[in-house]
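Undergrad: The chain contents come next:
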Amino acid sequence: MTNVETLAEPRYSPLKATLQSLVASPPAIIGLAIFSTIVLIAVFAPLISPQNPYDLMSLDIGSSLMPPGTPTWDGTGVYLLGTDGQGRDILSGIFYGLRISLMVGIGSALAAAIVGSLLGMLAAFKGGRTETVIMRLVDLQLSFPAILVALMILAFLGKGVLNIVLALMIVEWAGYARTARGAALVEMERDYMSAARTAGLSPMRILLVHLLPNAMPPLIVLVTIQVARAISLEATLSFLGLGVPITEPSLGMLIADGFQYILSGKYWITVYPGIALVLTVISINLIGDRLRVVFNPRLQS
Amino acid sequence: MIQLILSRIAQSILIILAMTIIVFVGLNAVGNPVDTLIAPNAGQAERLRAIQALGLDQPLWKQYLLFLGNAMQGNLGLSFVSGEPALQLILSRLPATIELAVIAVFSALVIGVPIGMLAGVYPKSWLSRAIMGFSVVGFSLPAFWVALMLIIVFAVQLGWLPSSGRGETVSLLGIQVSFLTVDGIRHLILPAISLGLYKFCLVVRLVRAGVMEVSQMEYVKFARAKGLRMRRVIFLHMLKNIMIPVVTVVGLELGGTIAFAVVTESIFAWPGVGRLIIQSIGVLDRPVIIAYLMIVVVLFVVLNLLTDLAYAALDPRVRGRTA
Chain X
0 MTNVETLAEP RYSPLKATLQ SLVASPPAII GLAIFSTIVL IAVFAPLISP QNPYDLMSLD
60 IGSSLMPPGT PTWDGTGVYL LGTDGQGRDI LSGIFYGLRI SLMVGIGSAL AAAIVGSLLG
120 MLAAFKGGRT ETVIMRLVDL QLSFPAILVA LMILAFLGKG VLNIVLALMI VEWAGYARTA
180 RGAALVEMER DYMSAARTAG LSPMRILLVH LLPNAMPPLI VLVTIQVARA ISLEATLSFL
240 GLGVPITEPS LGMLIADGFQ YILSGKYWIT VYPGIALVLT VISINLIGDR LRVVFNPRLQ
300 S
Chain P
0 MIQLILSRIA QSILIILAMT IIVFVGLNAV GNPVDTLIAP NAGQAERLRA IQALGLDQPL
60 WKQYLLFLGN AMQGNLGLSF VSGEPALQLI LSRLPATIEL AVIAVFSALV IGVPIGMLAG
120 VYPKSWLSRA IMGFSVVGFS LPAFWVALML IIVFAVQLGW LPSSGRGETV SLLGIQVSFL
180 TVDGIRHLIL PAISLGLYKF CLVVRLVRAG VMEVSQMEYV KFARAKGLRM RRVIFLHMLK
240 NIMIPVVTVV GLELGGTIAF AVVTESIFAW PGVGRLIIQS IGVLDRPVII AYLMIVVVLF
300 VVLNLLTDLA YAALDPRVRG RTA
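First to last, the sequence lines map onto chains X and P. Residues 0 to 300 (numbering that gives the first Met the number 0) make up the first sequence, in order. Residues 0 to 322 (numbering that gives the first Met the number 0) make up the second sequence, in order.
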């Protein structure tokens, strides 16, 4: 009776290896800690918020523009970060705003990643005219600044959570297409790709089952960074009044809302949602920077 | 070479035409400007008159051809709101935007290059690490948030600088500019910082990377071995080689800066095209939106064309590949 399991090599897990390498860097740990906290807050916002900012019954217009630390109107607690012009608790507003910001950022980055990587891999795989058309479109898209393209699309579509996700997706797909094509071109040279072709597998199967997993690392890095960029861009557009509607306030919307009170010294309405936004963006960037090193052994010296 | 130039120009014209169709159709597919422009209690006859006056009763392709024909003659329609020609409206606001963008990019270069060199020459010092840390943060911070913080600190709390408008302007060759008056400069500082911060971080990183790469080159070692002072080597020999990529990138970014001025201008109430376009989108002032987009598209296409041609002129390999 030999214990075979103990003798066997531990199975190599790419996820575990990546995570281990990720937490080897202090900035990445900080980023990961902040970002997980933010995600938890966003997920559990309805449970932990002192007030439901959408529920008009819980608002008191007499408590509007209160500075941080003011006791609430019903005497059950304090407005930790103050209230805005409608008497909404800023802290609760941030908790709920994080949900929308994260949803838009992650949603648009993933949608763009799917569309962009598929088109990029298709370009590398097919070559010829398909490649020329796709890559020309990519060049055209990347030659215009993101904010301008997003502005243009939102001017056409109008406000709305779905519209902004769509706009951000259109802005971002090109980056993924370029990266995916680059990674795919490298992989195409490898033997396993010729083997897959010789085996007569369908192009769809080769692309999705064999090419995609191997072209993944640079795409994962890009997704991470693009989530931060998307959140930042969404906040900017919402700040300009072109992003999410007033009924679904993201962080950018909250900041814009406080802008009118800035000159009268009521800083808290703008500053605290802004800090939440900055922490979100920076924590994601810290993780992305480390992922870039983890997936690129050449940078690890 | 001539063939290449002609084919690139033809491509650019095609892109501009394609963009006119996208912009025109996209803008007409949604929203009805009549609703925002006439009083809600207006009668049917009044409504009809407004629609006819704006040319909205014609079929879409006819509106497009009319628009294209007029655009060729520099007529992009009248603003629905003010009744002024849209093109003129945009052009009258453009100098303010260009002034802001040029000053932001120029300051980013003037301040960023020495700081980047410092960080590149002494990469291990704490100052260099602080500079790099700052540039990482500068890259991550959303520009509008930086602008708001600048207002809170320097305009509201300290009261040192104004937070809105252009201040006093003087006429320079028939164009109103702010940077020649003290009041104008005071008004320029905060918007220029918020618009230029990203470029500054970019310049610092590019220059630092350049210095670190060039320091390893034989000609630098030779110049040092010859007994030249470090200062002379840096400013005379290294600077020239570093500036090529920096100027290329910054030149390309100038267009992006003008586009991004939308945000800065809205916050600082800077009377440029960016602020105009945001206001126009709010009231669906189609001719102004279209005029703005057309001007920006042409600007970008021309910038890209010039870069392409410059590369082709400088690098024979590009010429061979694309001809």
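Derived by calculation from the structure, the hints in this document are not laboratory data. Accuracy of the hints is not assured; some may be wrong.
[What the hints assert, rightly or not] Cβ-Cβ distance ranges computed for the label pairs, FRET-style: (1) Ser12(X) / Gly158(P): 57 to 65 angstroms; (2) Arg46(P) / Ser201(X): 29 to 37 angstroms; (3) Gln43(P) / Lys125(X): 24 to 32 angstroms; (4) Arg231(P) / Pro212(X): 29 to 37 angstroms; (5) Met216(P) / Asp138(X): 29 to 37 angstroms; (6) Ser91(P) / Pro212(X): 15 to 23 angstroms; (7) Gly25(P) / Ser12(X): 46 to 54 angstroms; (8) Glu45(P) / Ser35(X): 32 to 40 angstroms; (9) Glu217(P) / Lys125(X): 56 to 64 angstroms; (10) Gly25(P) / Thr246(X): 44 to 52 angstroms; (11) Lys123(P) / Gly181(X): 46 to 54 angstroms; (12) Val120(P) / Val185(X): 43 to 51 angstroms.
For every residue, glycine included, the Cβ atom is placed at its ideal position computed from N, Cα and C.
Undergrad: Decide, hint by hint, whether the structure agrees.
TA: Structure-based check of each hint:
no. : hint                                      : in the structure
1   : Ser12(X) / Gly158(P): 57 to 65 angstroms  : 59 angstroms, holds
2   : Arg46(P) / Ser201(X): 29 to 37 angstroms  : 58 angstroms, violated
3   : Gln43(P) / Lys125(X): 24 to 32 angstroms  : 56 angstroms, violated
4   : Arg231(P) / Pro212(X): 29 to 37 angstroms : 54 angstroms, violated
5   : Met216(P) / Asp138(X): 29 to 37 angstroms : 32 angstroms, holds
6   : Ser91(P) / Pro212(X): 15 to 23 angstroms  : 56 angstroms, violated
7   : Gly25(P) / Ser12(X): 46 to 54 angstroms   : 47 angstroms, holds
8   : Glu45(P) / Ser35(X): 32 to 40 angstroms   : 59 angstroms, violated
9   : Glu217(P) / Lys125(X): 56 to 64 angstroms : 45 angstroms, violated
10  : Gly25(P) / Thr246(X): 44 to 52 angstroms  : 25 angstroms, violated
11  : Lys123(P) / Gly181(X): 46 to 54 angstroms : 33 angstroms, violated
12  : Val120(P) / Val185(X): 43 to 51 angstroms : 36 angstroms, violated
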